[in-house]
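Peer 1: Starting from the known structure of chain U, fit chain A onto it as the hints suggest.
Protein sequence lines, in the order shown, are assigned to chains U and A. By UniProt numbering, the letter at position 76 of the first sequence is numbered 76, and the numbering carries on one by one without gaps. By UniProt numbering, the letter at position 84 of the second sequence is numbered 84, and the numbering carries on one by one without gaps.
Hints are computed from structural coordinates only; laboratory data are not their basis.
Chain U stretches covered by chain A per the calculated footprint, using a threshold of three residues with CB under 8 Å from any CB of chain A:
(1) 66-73
(2) 101-114
(3) 144-152
Quick list of the computed label-pair ranges, beta carbon to beta carbon:
(4) Arg146(U) - Leu118(A): 29 to 35 Å
(5) Lys151(U) - Val53(A): 21 to 27 Å
(6) Val40(A) - Glu119(U): 21 to 27 Å
(7) Ser24(U) - Gly28(A): 19 to 25 Å
(8) Thr19(U) - Val53(A): 53 to 59 Å
(9) Pro107(A) - Lys150(U): 46 to 52 Å
(10) Ser153(U) - Val53(A): 22 to 28 Å
(11) Thr27(A) - Gly109(U): 22 to 28 Å
(12) Thr136(A) - Gly88(U): 30 to 36 Å
(13) Gly69(A) - Lys149(U): 21 to 27 Å
(14) Lys115(U) - Gly69(A): 50 to 56 Å
(15) Gly69(A) - Arg33(U): 47 to 53 Å
(16) Arg20(A) - His26(U): 25 to 31 Å
Glycine included, every Cβ here is placed at the ideal spot set by N, Cα and C.
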Amino acid sequence: MQDVRDALYIGHRSDGTLTRRPMSPHLQVYRFRLSMFLSIANRAAGVAAAAGSALGVCWLSAAAKGPESFKKVQKVTRNPLGKLALAGWTLALVYHFVAGLRHLAWDTGHRFEKKEINEDGPVAVGVTVGATLVLLASIFGVAACRSRKKKAS
Amino acid sequence: MNASHTPRIDVMRSQLGRARGLGSAKTGVDHWWLERMSAVALVPLSGWFVIQVLRLAGAEQQDVVEWGGKPVNASMLLALMVLTFYHMQLGLQVIIDDYVHGKAHLPASLLLKGAALLIGLFAVIAVLKLALAPSTKAGA
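Same shape as in the complex, but just chain U (with noise of 0.2 Å):
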């Protein structure tokens, strides 16, 4: 025992010996809610959006480099998989986002009655789900819309 935090879990049998005490429930114990699924999905999708910002600095670079380090990218970004990629980052970004808003808020000690925090998670949801597909409706439209203008010239 090293660590202070073992301080109350290590106890004693009745013959002497020692012993840990077991931790408190952990999440198979408990009723699935979806506060808990919205509270660890943000920490994940803080997660892949810093990966998805790593290679947002890839594409930056590329554009910097020249031409043909662009051409590389793009062949990424113009990949079924790369826009499923893109697709991913989006929606780990705007989660991330909504989720911080909501926390900035209860910070200020705003929203933050059990009953409120109920209330929100599913707006929170469909706030995430609308503004993901409404942005990459945007971005893959004027996509495709610089493409054909490009072609048409």
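Peer 2: For chain A alone, kept in the frame of chain U given last:
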């Protein structure tokens, strides 16, 4: 904090006794506060970024060069990159604090800081090159 092995007491004084009366950890507020403040700053910057993405969707390299050459865009992009990777480092550090215990904690934290710093630097240099010295030659 391994759950499986039999516990052993190395220090005779009770761990609870050692921890009691020490008060709070005395650090951490700055980390929490900077995470919130970078988040607040990223709200308008993200809005700007969405508009720019819609402007640049499907763009060719010369469009991006022209866009990145404007001082306003380069400044906003620099602010976005620095704050994004700063916020990323703060957030991922909390994940490491939550899940990585014992000896692995320090190397994991240092690795994260190094990676975040390098990606951030890479982003800044890319924006500066795009703004100040973009390459438009086909052979480059």
